[in-house]
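J.: Each chain is listed here by its residues.
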Amino acid sequence: MAMRKILENIVKNAVSKPYTSNYPFTPYEHFPGTRADVTWDGTKCILCGLCQRSCPAECIVVHKEETKIEYMNTQCIRCGYCVRVCPTNTISQNEVYTKPSREKLTVYTLVTNENAPIIKKRKAEALKKSEEAGGKPVPEKPEPAKKPEK
Amino acid sequence: MRSTIQFGPQHPVWIEPLRLKLTMDGEIVKDADLEAGYVHKGLEKKFEWDYNKGAYLSERVCAICTQHHSTCFCLATEGTMNLEIPRRAQIIRTIMLELERLHSHFLAIGLTLESIGFENLFMLCFRDREAVLDVFERTTGNRILHGINIVGGVTRNIGPEMGKEIMDFCDDIEKRAHDLEQMILKSYTIKQRMQGVGVMSEKLARDLCVVGPVARGSNVPYDVRHDAPYLMYREVKVTPIVETGGDCWARSIVRVRELFQSIDIIRQLVPMLEGTPDELFAKSKVLPEGESFARVEPPRGELFYYVRGKKSKDLDRVKIRTSTYANGPGIVPLIKGSHLADVGLITITFDPCIGCFDR
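Keeping their order, the protein sequence lines are chains A and S.
Using the working numbering, the first residue of the first sequence is number 202, and each one after it goes up by one.
Using the working numbering, the first residue of the second sequence is number 239, and each one after it goes up by one.
It is worth saying that the hints were derived from the structure and are not from the lab.
Glycine included, every Cβ here is placed at the ideal spot set by N, Cα and C.
One thing to keep in mind: the hints can contain errors.
As the list claims (entries may be wrong) - Here are the in silico distance ranges between beta carbons for each label pair:
1) S:Arg240 to A:Arg254: 54 to 64 angstroms
2) S:Leu442 to A:Arg254: 28 to 38 angstroms
3) S:Ala520 to A:Glu266: 32 to 42 angstroms
4) S:Leu423 to A:Glu304: 21 to 31 angstroms
5) A:Glu296 to S:Gln430: 25 to 35 angstroms
6) S:Ser241 to A:Thr299: 50 to 60 angstroms
7) S:Lys521 to A:Leu208: 32 to 42 angstroms
8) S:Ser241 to A:Arg254: 53 to 63 angstroms
9) A:Glu266 to S:Lys551: 22 to 32 angstroms
10) A:Thr221 to S:Glu286: 22 to 32 angstroms
11) A:Ser293 to S:Ala579: 47 to 57 angstroms
To be verified - Calculated pairs, DSS-like style, for lysine-lysine (alpha carbon to alpha carbon, straight line, at most 25 angstroms):
12) A:Lys213 to S:Lys424
13) S:Lys413 to A:Lys213
14) S:Lys284 to A:Lys305
15) A:Lys206 to S:Lys429
16) A:Lys305 to S:Lys429
17) S:Lys413 to A:Lys218
18) A:Lys206 to S:Lys413
19) S:Lys424 to A:Lys206
Chain S with its partners taken away, still in its complex shape (with noise of 0.2 angstroms):
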């Protein structure tokens, strides 16, 4: 006999809503059904305005990856106004981007081992991410909506003792990610219960083109950072880091080890601070023309925004296309034939950001 259960809009695994349609035969999965848009904000059309405002209007598309929102935001608008950002204010606004993978991962690790019920490990992934949102609010005075990107560069600049405590920082945060890593690389009970949990073949990930940590997990390089490189990763070189395995574990460990590639990359870009002019906007000549976009890459895949202006400090239009869009069409099949107390688990590895996907 079959039955239909309504998963969520309110449920605990996810701390946004999403409802999932679930037709069940005993305790498997037969047939679901995604419904999103419980959070839709009509942001793209409130983007027709200043494009300076523009800039803090993106923050609040998504709150977990502001500043790659508002970078995305900023690199499109400046496309169509053919501007150079000048090169400090380059490398502040990629130090800050790491950092936001950092914080963003730490909390998708966190509510990871949460779903299976490991809470004490997850409180302290969050303790650990208390100590990334305190740089942010030293350096940017805000602990997630920073507002330093503007069109043009950015407002805040990292002084040489600023640059010192954050490479200070780097060395606390590694030794407890490296703590975090043997944790859960070491526990039976994760692995157990995340291992062979909802597989994506890579055929499967090519051909819905899912993106970030859920394509790399199954085999899929693709990173943008790596394909089509913006800012400072023209310079600072960044390998994707693939797991072949495809399941929970995979998509897990692919974020715990990018949370080493992005100290990694912290590290190399503090020193090219110094001797940097002390210059941190760009004033543009000309007002918003022709149409531009630019890609970002933000904690949880692919962020993609399009610019089209009017020679009028009014935007024309802005679309926005984020991650967890690209990779909501993922969850059905995965969850389809799999134990319903499997569909937490593996909706809470795509790392979902339902303010994403409904902007």
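Looking at chain A on its own, in the form it has when it is part of the complex (with noise of 0.2 angstroms):
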């Protein structure tokens, strides 16, 4: 009776197509709302740094004085729980995966957000010194040296 099954299953899978995918070749369609990375809106974050505090993996660092945030890919663990404690919403995951990799893969995200602390800060004090020296306009904000982007 067991080898009848058995054979009944032989027999079917013979001539049905291949249970499994062609998988290099034919990528893995992931379902709606997989947690894979995270990307940050640079116009929202206030770089508050909880991101940071919150990750369990270590792969986010808050550049204050560069208004810059740091993000490991390939060191993330998709966890989630930066975007649930993100003030201002600045954090979304994304649905699809990053292929595995020997490196880090870091990505930059650069800040552009007026009411960020830091930026507000940095704008009043160079309009103090256009004022201080005489109405000559000052650039805006003092560019921070870039790093090597990848």
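The two chains are supplied separately, each in an independent frame; assemble them into the complex guided by the hints.
T.: Printed below as a string of structure tokens:
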């Protein structure tokens, strides 16, 4: 009886299409709502650093002086905790996976939000300086030294 | 003449490293030494940090019962804060626990069949397991490390559409599990290979305090879901599934029968979601203080977490006692006196998870 069932299965599998997919050539299709890597929206971020403190994998570094966010893609565990703690909904989680890599695939995001406390302070200082200099126009924000982006 | 054989740490039967030092007299095992610790990670020390991150860390203890580990950690930490989580979060957690048991048992049955050389049925088991993993990806966003448990509730909701999908999945997987059960129960080969091999008597099981399907295969009706109910098991009653044989066959059959029990529990739980308020998370007003413990029933047996807080975000101490750690001492008396060819089969019916064993 059991043998018949197994033989039935063998015959059925011999004529039907393979259950497995031809993986590297046909990419695996994820379901909607899959948790993959995260991205920052530079126009919303206020550089509070909550994501850096909450990250269990320590893959986020917020450079306040350079108004930059450093995100190490392959070190991330895709838990989504940073998305949950962000007070301004800056961080969004993608549904597309990054391919495995030996490198850290670091991504830098430049923050340009006018309301971020550090940028606001710098702007005020620059305005003050320009007033002291006698109305001479000074560039709004000192450009930070650019790191090589990958 | 006696000779010594090293069984492991790298052996095709186990997917993780465990070492058995066997003293042989011909084909018969006369003495055995069990050595573990190859994958010790020092996780208990690492737990002394932010308790919110601890839920993610606890999933990494064992990759097969991730949901059980994080649920147990969350229950223990909520105990230190006297926090009651919303009913909907409790239902979702329990559904995930039962789904996790399904995929773990499919894996365990498949590996048992593979160890006796039945690779065809092993592949069928893994095909069915893939269906469960698809449901996980659909509901939680990930196949293995779900990450939906947090201290105070869950992060993802199961809506009415998803509930219907899970019910459809239950019908599908029950049909598949029924096919599998028929193939295993009626197979003369599997029965002959596994019956009477590695018999653990009821007295030995009680003496060694083994847990989970190993105990239930030896007529010890011990199931944490029944003896100390947690979450929704207070309402959904669970009767421990018991086999009297105590051999490899009995231990495997307990797992096969628990598949249907899990499907049954999911069927009872999904309708409870209707009419429950959409509240998933309860925020705690206090920090962890004092000590607390929690017990849950993973697919391998009882799991225990002890948590002590020090009135700060960082925890003071976390102690984990996993199911394989409780079952480990049972391996040695069973393989003493058995054939060398049976050693792999006996150990694999314990469903050893060495990641849990060493932590």
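J.: Each hint should be assessed against the structure and marked as holding or not.
T.: Going down the list of hints, with the structure as the test:
1. S:Arg240 to A:Arg254: 54 to 64 angstroms: Since Arg240 (chain S) and Arg254 (chain A) have Cβ atoms about 60 angstroms apart, the given range 54 to 64 angstroms holds.
2. S:Leu442 to A:Arg254: 28 to 38 angstroms: Since Leu442 (chain S) and Arg254 (chain A) have Cβ atoms about 51 angstroms apart, the given range 28 to 38 angstroms is violated.
3. S:Ala520 to A:Glu266: 32 to 42 angstroms: Holds, since Ala520 (chain S) and Glu266 (chain A) (Cβ atoms, about 39 angstroms apart) stay within the stated range.
4. S:Leu423 to A:Glu304: 21 to 31 angstroms: violated (51 angstroms)
5. A:Glu296 to S:Gln430: 25 to 35 angstroms: Between Glu296 (chain A) and Gln430 (chain S), where Cβ atoms are some 49 angstroms apart, the hint is violated.
6. S:Ser241 to A:Thr299: 50 to 60 angstroms: holds (51 angstroms)
7. S:Lys521 to A:Leu208: 32 to 42 angstroms: violated (59 angstroms)
8. S:Ser241 to A:Arg254: 53 to 63 angstroms: holds (58 angstroms)
9. A:Glu266 to S:Lys551: 22 to 32 angstroms: holds (27 angstroms)
10. A:Thr221 to S:Glu286: 22 to 32 angstroms: violated (44 angstroms)
11. A:Ser293 to S:Ala579: 47 to 57 angstroms: holds (55 angstroms)
12. A:Lys213 to S:Lys424: Within the cut-off at roughly 20 angstroms; holds.
13. S:Lys413 to A:Lys213: Holds, at roughly 17 angstroms.
14. S:Lys284 to A:Lys305: holds (23 angstroms)
15. A:Lys206 to S:Lys429: holds (16 angstroms)
16. A:Lys305 to S:Lys429: The hint is violated at about 51 angstroms.
17. S:Lys413 to A:Lys218: Within the cut-off at roughly 20 angstroms; holds.
18. A:Lys206 to S:Lys413: With Cα atoms ~14 angstroms apart, Lys206 (chain A) and Lys413 (chain S) stay inside 25 angstroms; holds.
19. S:Lys424 to A:Lys206: Holds: Lys424 (chain S) and Lys206 (chain A) sit about 10 angstroms apart, inside 25 angstroms.
Checked against the numbered hints given earlier, the structure breaks hints 2, 4, 5, 7, 10 and 16 and satisfies all the rest.
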